[in-house]
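Build out the structure end to end from the sequences listed, making use of the hints.
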Amino acid sequence: MELVLSIAFGAWFIIAAIFYGYMVRRGEKE
Amino acid sequence: MTAYIIGISIALVLFIIIGVIAGRSVRDTNDYYVAGRRAPIILIVGSLIASFLSTGAFLGDTGEVYAGFFMGIVIVGILQASGYVYGANLFGKYIRRAQVNTVPEYFAKRFSSKRLRILASVTLIFAVTAYMLSTMQGVSTLMTVITGLDYKWCVIIAWLSFTIFTVYSGSKGVLITDTIMFLIFLVAALTGIPYIVKAAGGWSEAINALAQSTTRPGIIAWTNNLDYMYPTGGQNLLWAIVYGIVWAIVVMVSPWQTSRYLMAKDEHTVQRSSIWASIGVVIVTTALYFSSVFIYKINPYITDSSTNLIWAAMNVMPMIIGVVLLTGILSAGVSSASTFLSLIGSTLTNDILVNKKTDSPKKNLRISRIGMGVVGVIVLVLAFFNPPQIFWIMYFGGTVIASAWGVVAITSVWSKKMSESGAFWGMLFGFIGCVIPKTYSALSGITLPIYLDPFFIGIVMSVIGILVGNKVKKVSITAIAEYEKLHVRPESEKDPQNDRITYRLMYIYIIFGILLGLFFVIAYALPYMKAISK
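Top to bottom, those sequences are chains A and B. Start counting the first sequence at 334; every next residue gets the next number (the working numbering). Start counting the second sequence at -13; every next residue gets the next number (the working numbering).
There could be a bad hint or two in this list.
Here chain A is said to cover these stretches of chain B; the calculated rule only asks that three of the stretch's residues, wherever they fall, bring their Cβ under 8 angstroms from a Cβ of chain A [said to hold, decoys possible]: (1) 345 to 359; (2) 490 to 504.
Pairs of lysine-lysine, DSSO-like flavour, derived with a Cα cap of 27 angstroms [claimed, not checked]: (3) B:K460 <-> B:K403; (4) B:K402 <-> A:K362; (5) A:K362 <-> B:K251; (6) B:K403 <-> A:K362; (7) B:K95 <-> B:K471; (8) B:K95 <-> A:K362; (9) A:K362 <-> B:K471; (10) A:K362 <-> B:K480.
The set of hints was computed from the structure by calculation and includes no laboratory data. Because the structure is a prediction, the values reported are computed rather than measured. Heads up, the beta-carbon is just placed ideally off N, CA and C, and yes, glycines get one too.
Structure (structure tokens):
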């Protein structure tokens, strides 16, 4: 479980990064 | 002891001097409330982090880690830090676009509503005063421990250290001093660690010993220590995820975070700052949490667990590093308190005493300073006499604002159908929905199940309030026009080169995520698993 959580920490920020990229691109078209 | 007192005194005097110097360029209320809307990334990031991390993080959270709740607090830290990215892109960028001085003014402008402005201001003042008093208590307690001075004197010194420049300089002084204080506690959190690790017998040895701890079993396991909060690992994990989400929402919408975006020089600054603030918070908090769990390995007998970092600063580190760490902890508290005071003062003068505004910029500035000063004196009286009722205000803490504002804030940007009535009742229901169950829970001594946390009851009530409000009174043409205006990108923001730089930060954030995951796998999970398999 400790290993799963450690990997999940990294994955959590990668998901947030993808959201950020999407929102930046979306904002350019506003 | 003398060195610690001298170090801290120099820092406090410097903060006042720098803050007051920054105030000399304040010409009008625009400078005073939103620092002229010209702040670069470094100041926004510094202020975001300094306002968010206070004695609660440096003494409270680290105390919980020391007491056996390491992974629980780490999970909360990781989840909350991502709130910057969601908050800046879903809310922060748009309130900056609205060109307002305060967040309550944004709500008022978006829905052309005076009553919403008053409600937002009252909920803000209630929640921020609560948070501010607990921060002042933290700073004063820390000063008492370090200096041996009477608590009441420490309250006055702590108050003076941030009130003078906040009243005189407003947001300009707060942005600059926040950033300096952030840099101090960043350095403090990072430079202290090597000495703590060394005293704990080295990284691997410390993880090995903690994994097999018999005095506090499970202190670094995913389950946490089962005697500390809940009796099962699953419940502790659920608590951590729930509170991580709660604090991520606080980061997304709370006025002490989002008001920083109003000062950014452009929308690119808002978006880029969110990435750096998120990374910064993770670095500082992760360093602190590992420090505190290693301090347990060095000395498991500290009676008041929240003083473990203070103990390490005075007993494990060379004096100069100890001074830096203690100054860092103090800076974290003072920087949050200055932001809180400036927020309460700005809201009072900009949103509640709105009729007092004149045509003279100088007069308006004077009124704002007087308003801020009066708020400062009230806060001092409350903190000094600390009446029993204050406990009740402090108990509500920061989460109540996220309960009241969370759904309304995001939907105000993203829903065209949101009416003034929906926003008003959503905010009111969210506030009451959090405050009442919290009061009930405290008075009756009944601990509500995790999924019935008052924060979530508030969120559900807020949604109900929005739905009912929208039904009672449909959205007006003015509100639709404001919504549409909010989604038109200003010409000044359209710059392909700037767009590219802002977009590229996504890759830095991805790399950060990969490195963070690798760090936890290599420095925590693998050595932990090796230790328990022995």
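Structure-based check of each hint:
Proximity of the region 345 to 359 of chain B to chain A, defined as three or more residues with a beta carbon under 8 angstroms from a beta carbon of that chain, is not established by the 0 residues found. Residue count for the region 490 to 504 of chain B with a Cβ under 8 angstroms from a Cβ of chain A: 12. That meets the three needed, and the coverage hint holds. For the hint linking K460 of chain B to K403 of chain B, the alpha-carbon distance of about 8 angstroms falls within 27 angstroms, and the restraint holds. This hinted pair checks out: K402 of chain B and K362 of chain A have alpha carbons roughly 18 angstroms apart, not beyond 27 angstroms.
Under the criterion of a C-alpha separation no larger than 27 angstroms, the hint pairing K362 of chain A with K251 of chain B is consistent with the structure, at around 21 angstroms. This hinted pair checks out: K403 of chain B and K362 of chain A have alpha carbons roughly 22 angstroms apart, not beyond 27 angstroms. A hinted pair counts as satisfied when its Cα atoms are at most 27 angstroms apart, and K95 of chain B with K471 of chain B qualifies at roughly 11 angstroms. Annotation: proposed proximity of K95 of chain B to K362 of chain A holds, straight-line Cα distance about 24 angstroms (limit 27 angstroms).
Taken as a hint, the K362 of chain A and K471 of chain B pair is honoured in the structure, with Cα atoms around 14 angstroms apart against an allowance of 27 angstroms. For the proposed pair K362 of chain A and K480 of chain B, the alpha carbon gap of about 10 angstroms is at most 27 angstroms, so the pair holds.
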